[in-house]
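Engineer: Here are the chains, one letter per residue:
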Amino acid sequence: MSTLERKKDPFIRISKRSEGMSAGKAWGIRVIGLILALIVSAIVIFVIVRMNPMDVYASMWKGAFGTTKRSWITVRDTMTLLCIACALAPAFAMRFWNIGAEGQVLVGGIVTAACMIYFPEMPTALLFLVMIVSSLAAGAIWGLIPGFFKAKWGTNETLFTLMMNYIAIQLTAFFVSLWENRPNSRKVGIINQNSKEGWLPNMFSEGYNNDFGWNVLIVLVIATVVFFYLRETKQGYEISVVGDSENTARYAGIRVSRVYVRTMAISGAICGFAGFLAVSGSSHTISTSTSGGQGFTAIIIAWLSRMNTYIMLVFTLLIVFLDKGATQIASEFNLNEYCSEIITGIILFFVLGAEFFVDYRVKFRGSK
Amino acid sequence: MTQLLTLLHSSIVFGTVIMFGALGEIISEKAGNLNLGVPGIMYLGAIAGLCGPYFYELSCAEAGTTPSGAVCILISIVCAFAASALGGLIYSFLTITLRTNQNVTGLTLTIFGGGVANFFGGSLNVFAGGVGQVKATATTAAFTKYSFTLSALGANADGKGIGYLLFQHGFLTYVAVIFAVLIHLFLMKTRTGLNLRAVGENPGTADAAGINVARYKYLATCIGAGISGLGGLYYTMNYIGGTWANDGTIEALGWLAVALVIFATWRSLNALWGAYVFGIFYWMYQYIGVSGRAIELFKMLPYLVTLALLITVSMRRRKEDQPPAHLGLPYFREER
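Same order as they appear, the protein sequences are chains L and A. Here the first sequence is numbered in the numbering used here, starting from 1 and rising by one per residue. Here the second sequence is numbered in the numbering used here, starting from 369 and rising by one per residue.
The hints are simulated quantities; they were obtained by calculation from the structure and are not laboratory data. Misleading hints may appear alongside valid ones.
To be verified - SDA-like cross-link-like pairs, simulated, lysine to any residue; straight-line CA separation at most 20 Å:
1) L:K69 to L:F321
2) L:K25 to L:G353
3) L:K16 to A:L697
4) L:K152 to A:A693
5) L:K152 to A:R684
6) A:K687 to L:I141
7) L:K16 to L:R306
8) L:K16 to A:K557
9) L:K16 to L:G353
10) L:K69 to L:Y208
11) L:K16 to A:T465
12) L:K363 to A:D689
13) L:K152 to A:E569
14) L:K16 to A:P698
15) L:K187 to A:G497
16) L:K69 to L:L318
17) L:K152 to A:K557
18) L:K152 to A:D689
19) L:K363 to A:T465
20) L:K152 to L:S134
21) L:K152 to A:F649
22) L:K16 to A:Y699
23) L:K152 to A:R686
24) A:K557 to A:E569
25) A:K687 to L:T155
26) L:K16 to A:E702
27) L:K152 to L:S257
28) L:K16 to L:F356
29) L:K69 to L:E332
30) L:K16 to A:Y655
31) L:K152 to A:M683
To be verified - Label-pair distances were calculated between CB atoms; the ranges are:
32) L:V133 to A:K513: 56 to 66 Å
33) L:N184 to A:T465: 32 to 42 Å
34) A:A676 to L:R365: 51 to 61 Å
35) L:I141 to A:A509: 42 to 52 Å
36) L:K234 to A:A582: 47 to 57 Å
Backbone N, C-alpha and C fix where the C-beta goes; we use that ideal spot for every residue, glycine too.
I would like the entire structure built from these sequences, with the hints used as guidance.
Structural biologist: Quick look at the structure:
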């Protein structure tokens, strides 16, 4: 007689949704994740400050969109972050982990600042051309190096690009002390404060970042171009084949190493351009915190949006909103601004977790 | 000579911070989890390891008793380990159970951990009356007390001999060394260590051999995170003397710990000396007498060396120097 122990079914069974999910339902799940995240953040806020979370959220709204000026600053920062996220999309579509956006943005920022400092006399149009071209080139070189080594010897790109970040940071620190406005101040200060040479202006009016600016137009164009580049062009197709399987790509006659190098040059160049936006378009100075962790945040955004640049816009807006809002709470309730990072972290954890329920079906014991 | 000793001495202090970080990460990566949350985890360890004893000392002061050094150390280590392991648990739950992407989850953990630590650290500073006012005096004293008295070792009267270099450190410095050796023995000489490596190299085969892949990954990541967190604790207690500064140094050191794992080619014994070498690279500019802006270029050295090593390792393709084969990849039994 067999003494085989009869095992119960496992309590939870997980299977991949083979048929896929309707877009509406998938977004429903993500929104549920977001709401849960906001509830948890509210609890955390309440535990820390003992204040009505609704008041806190209301004052966050005030911080991001309270005045016209604040709204435009929110828009400006959204555009810079979106630009970085768009830059990462081609690399990630190729499953190339470009963790180096931070560094690529910084080198773009360095050359932009250099142009502003050394050529303030140049005609404005020419100056912008030089700034844009050189920031694109600097970012492209910074991205190309890890791409080349990955293509040639399969060097781990995650770790490579991570190291490149810190080299860029030290390089920035070096140039900051080279250009510091007062000896030993370790600050470059506002570049061309009086002449405003090389500052990215509004499109239709005088001034900077208080109306519809060039940065909005340019970044939206980049987002559209990247969207179609990935979806509609031959190169975009090659990228997705390499991302799925290097061997398949090779079998299909795609020159994998060339795709790696080319895509990373594009990715780095757009990051470098974001560095131009950060220096010429927003801060008008350069420091080691010019990219300020945006390179890392953009990675998460690009991944969550599944390389769709329009969905990225939604996520970027959310993140920048949280950031601005938290700064407002910090000054209003006398806290420090790091609570924005806590809330961002919590929200990202939940949205990341929600992806699981989009991709997988969870069955409990007994249910059919 | 004195200068050289000072360089080596500060390299050991510097190295110990990143050694803890790297040792924890080695365990996690050996099980196939590329945890980019190390900076966040070190942040969590640092703040918890400071907050715990701070409030203990505060309550002692109110009660009018003298805080006991042993209790301070115990509270501090338990808090630091628990908080960091909790960070590791968040990461494990998301990547192992909910199957999220490891890189993205790790980066989120870094943002989250940095936020939590700087938020509470900053608030603690305000609470204590200003930047750098947080002090857990008794705890810091307990952590930085020299483990060996120099006179017992017959060192020079000026205290700058070899004795100073080797023995004038807080006890955690030696704990790190012991950990490095123990982790090597664990990974290379025990059955559990072999299983753990198998999970990182080929989880499918490990699963077929009856190893509980998820359990190994969970435990390796959480315990690894706990050890990484001790690096944060060592930083607050021994490196900056028991206070808090929102200057982002821990994050930079955390990434350096990730770099050290590569530099050590995933071997804990290499991490042991590698950490000190990183320390020497980091402080080298003081020894050579570089000043001004060239310092910033010199601080690139650890990263450049790591890059050079990363490239050489990938070019030589020696089997034993490669990352664990399944590093950074998810494992789902159903999708094999």
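Engineer: None of the hints should be skipped; say for each whether it holds.
Structural biologist: Going down the list of hints, with the structure as the test:
As the CA atoms of K69 (chain L) and F321 (chain L) are separated by approximately 14 Å, the hinted pair is consistent with the 20 Å bound. Restraint check: the Cα-Cα separation between K25 (chain L) and G353 (chain L) comes to about 16 Å, which is no more than 20 Å; the hinted pair holds. At roughly 17 Å between alpha-carbon atoms, K16 (chain L) and L697 (chain A) fall within 20 Å of each other, so this suggested pair holds. Straight-line distance between C-alpha atoms of K152 (chain L) and A693 (chain A) comes to about 19 Å, which keeps the hinted pair within the 20 Å bound.
In summary, the hint linking K152 (chain L) to R684 (chain A) is supported, as the alpha carbons are separated by about 12 Å, within the 20 Å threshold. Proposed proximity of K687 (chain A) and I141 (chain L) is contradicted: the alpha carbons are some 31 Å apart, above 20 Å. Distance check on the hinted pair: K16 (chain L) and R306 (chain L) sit about 18 Å apart at the alpha-carbon level, within 20 Å; holds. Annotation: proposed proximity of K16 (chain L) to K557 (chain A) is violated, straight-line Cα distance about 38 Å (limit 20 Å).
Under the criterion of a C-alpha separation no larger than 20 Å, the hint pairing K16 (chain L) with G353 (chain L) is consistent with the structure, at around 15 Å. The straight-line distance between the Cα atoms of K69 (chain L) and Y208 (chain L) is roughly 10 Å, inside the 20 Å bound, and the hint therefore holds. For a cut-off of 20 Å, the pair hint linking K16 (chain L) to T465 (chain A) stands: about 13 Å separates their Cα positions. Distance restraint check for K363 (chain L) and D689 (chain A): the Cα-Cα separation of roughly 42 Å exceeds the 20 Å cut-off, and the hinted pair is therefore not satisfied.
For the given pair, K152 (chain L) sits about 24 Å from E569 (chain A) by alpha-carbon distance, which is inconsistent with the 20 Å threshold. Straight-line distance between C-alpha atoms of K16 (chain L) and P698 (chain A) comes to about 14 Å, which keeps the hinted pair within the 20 Å bound. The suggested pairing of K187 (chain L) with G497 (chain A) is violated, with an alpha-carbon distance near 27 Å, which exceeds 20 Å. Taken as a hint, the K69 (chain L) and L318 (chain L) pair is honoured in the structure, with Cα atoms around 18 Å apart against an allowance of 20 Å.
Proximity of K152 (chain L) to K557 (chain A) is assessed by CA-CA distance (about 36 Å); at most 20 Å being required, the pair is judged violated. Of the supplied pair hints, the one linking K152 (chain L) and D689 (chain A) holds, its CA atoms being roughly 18 Å apart against a limit of 20 Å. Note on K363 (chain L) and T465 (chain A): the hinted pairing holds, with a Cα-Cα distance of about 14 Å set against a maximum of 20 Å. Between K152 (chain L) and S134 (chain L) the alpha-carbon distance is near 26 Å, which puts this suggested pair outside the 20 Å criterion.
At most 20 Å may separate the alpha-carbon atoms for a hinted pair to count; K152 (chain L) and F649 (chain A) exceed this at roughly 29 Å. About 13 Å separates the Cα atoms of K16 (chain L) and Y699 (chain A), which keeps this hinted pair within 20 Å; it holds. Under the criterion of a C-alpha separation no larger than 20 Å, the hint pairing K152 (chain L) with R686 (chain A) is consistent with the structure, at around 16 Å. For the given pair, K557 (chain A) sits about 17 Å from E569 (chain A) by alpha-carbon distance, which is consistent with the 20 Å threshold.
This hinted pair checks out: K687 (chain A) and T155 (chain L) have alpha carbons roughly 14 Å apart, not beyond 20 Å. For the hint linking K16 (chain L) to E702 (chain A), the alpha-carbon distance of about 8 Å falls within 20 Å, and the restraint holds. Proposed proximity of K152 (chain L) and S257 (chain L) is supported: the alpha carbons are some 7 Å apart, at most 20 Å. For the hint linking K16 (chain L) to F356 (chain L), the alpha-carbon distance of about 10 Å falls within 20 Å, and the restraint holds.
With a C-alpha separation of about 18 Å, the suggested pairing of K69 (chain L) with E332 (chain L) holds against the 20 Å cut-off. Under the criterion of a C-alpha separation no larger than 20 Å, the hint pairing K16 (chain L) with Y655 (chain A) is inconsistent with the structure, at around 58 Å. A C-alpha spacing of about 9 Å is found between K152 (chain L) and M683 (chain A), which places the hinted pair at or below 20 Å, so the restraint holds. For V133 (chain L) paired with K513 (chain A), a C-beta distance near 59 Å keeps the hint of 56 to 66 Å intact.
Separation of N184 (chain L) from T465 (chain A) is about 52 Å and departs from the stated range, judged on CB atoms against 32 to 42 Å. The beta-carbon spacing between A676 (chain A) and R365 (chain L), approximately 54 Å, falls within the hinted interval of 51 to 61 Å. Remark: the range hint 42 to 52 Å for I141 (chain L) to A509 (chain A) is upheld by a beta-carbon distance near 50 Å. Distance hint check for K234 (chain L) and A582 (chain A): the Cβ-Cβ separation is about 42 Å, which falls outside the suggested range of 47 to 57 Å.
In summary, the structure is inconsistent with hints 6, 8, 12, 13, 15, 17, 20, 21, 30, 33, 36 from the numbered list given earlier, while agreeing with the others.
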